[in-house]
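Enquirer: Those sequence lines, one after another, are chains A and B. So for the first sequence, the numbering used here puts the first residue at 1; every next one is plus one. So for the second sequence, the numbering used here puts the first residue at 117; every next one is plus one.
Fair warning: there could be bad hints in the mix.
Claimed, not checked - Label pairs and their in silico Cβ distance ranges:
no., chain 1, residue 1, chain 2, residue 2, range
1, A, Glu79, B, Pro228, 42 to 50 Å
2, B, Pro156, A, Leu116, 20 to 28 Å
3, A, Asn51, B, Thr121, 42 to 50 Å
4, A, Asn26, B, Ser135, 19 to 27 Å
5, A, Glu53, B, Ser135, 42 to 50 Å
6, A, Lys17, B, Ser144, 35 to 43 Å
7, A, Ile12, B, Gly145, 34 to 42 Å
Keep in mind that the hints were calculated from the coordinates and are not lab data. Just so you know, these numbers come straight off a predicted model, no measurement behind them. From the three backbone atoms N, C-alpha and C, an ideal C-beta is built for every residue, glycine too.
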Amino acid sequence: EAQVTQNPRYLITVTGKKLTVTCSQNMNHEYMSWYRQDPGLGLRQIYYSMNVEVTDKGDVPEGYKVSRKEKRNFPLILESPSPNQTSLYFCASSSLAFGTGSSVQYFGPGTRLTVL
Amino acid sequence: EDQVTQSPEALRLQEGESSSLNCSYTVSGLRGLFWYRQDPGKGPEFLFTLYSAGEEKEKERLKATLTKKESFLHITAPKPEDSATYLCAVHHLSGSARQLTFGSGTQLTVLP
Numbered sequence: 001e002a003q004v005t006q007n008p009r010y011l012i013t014v015t016g017k018k019l020t021v022t023c024s025q026n027m028n029h030e031y032m033s034w035y036r037q038d039p040g041l042g043l044r045q046i047y048y049s050m051n052v053e054v055t056d057k058g059d060v061p062e063g064y065k066v067s068r069k070e071k072r073n074f075p076l077i078l079e080s081p082s083p084n085q086t087s088l089y090f091c092a093s094s095s096l097a098f099g100t101g102s103s104v105q106y107f108g109p110g111t112r113l114t115v116l
Numbered sequence: 117e118d119q120v121t122q123s124p125e126a127l128r129l130q131e132g133e134s135s136s137l138n139c140s141y142t143v144s145g146l147r148g149l150f151w152y153r154q155d156p157g158k159g160p161e162f163l164f165t166l167y168s169a170g171e172e173k174e175k176e177r178l179k180a181t182l183t184k185k186e187s188f189l190h191i192t193a194p195k196p197e198d199s200a201t202y203l204c205a206v207h208h209l210s211g212s213a214r215q216l217t218f219g220s221g222t223q224l225t226v227l228p
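With the rest of the complex left out, here is chain A:
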């Protein structure tokens, strides 16, 4: 089954304690992306990756890091989480043909993060 998986699904942590949210896709997609979703603000892109070892900032990259060492995985790293990073996070992937009929972004189930 084609899917995007994220782990953990729920996480409660404290300020400053480094954490990693994993994302994996089994569709051989080149393009992967991370979003955060906050009430009234919609989905906002944090980082995206066009392929292995190619990453770039989205709209709200501050306080986040990413890496793309393998095509299927795109972890999101919070080196020193703060309460304003409490949010619902989604990973997404699509083929590189973004903007054509085959370029749909498929989303993972989400990770709800609470930083105390």
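Given the coordinates of chain A, work out where chain B should sit on it, guided by the hints.
Expert: Relative to chain A, chain B alone:
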């Protein structure tokens, strides 16, 4: 500034009462407009992609249309299972980056 605005924020309909959701956008270099459905606690689920003004797509009770400034998602004779948040997203080129900008969504409730 690139912007995507959805209206209304929330919509309550009786079962069978048709209506439309709006997504207006001001972006440079439009490459496509996407509609997604999101159920509580889940990731967005793809519905449609539209690429050029005048294009229309249909799926069951849903029909999406696109003009140069906005898109509409028409819901014909909705059922309670159509209750969800509907998200509009615009794929555009911003500088050298490829970006997908989302609206904040319309929360649809269909009452039996």
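Enquirer: Indicate, hint by hint, whether the structure satisfies it.
Expert: Results for each hint:
no.: 1; hint: A:Glu79 - B:Pro228: 42 to 50 Å; in the structure: holds (49 Å)
no.: 2; hint: B:Pro156 - A:Leu116: 20 to 28 Å; in the structure: holds (24 Å)
no.: 3; hint: A:Asn51 - B:Thr121: 42 to 50 Å; in the structure: violated (32 Å)
no.: 4; hint: A:Asn26 - B:Ser135: 19 to 27 Å; in the structure: violated (38 Å)
no.: 5; hint: A:Glu53 - B:Ser135: 42 to 50 Å; in the structure: holds (47 Å)
no.: 6; hint: A:Lys17 - B:Ser144: 35 to 43 Å; in the structure: holds (40 Å)
no.: 7; hint: A:Ile12 - B:Gly145: 34 to 42 Å; in the structure: holds (40 Å)
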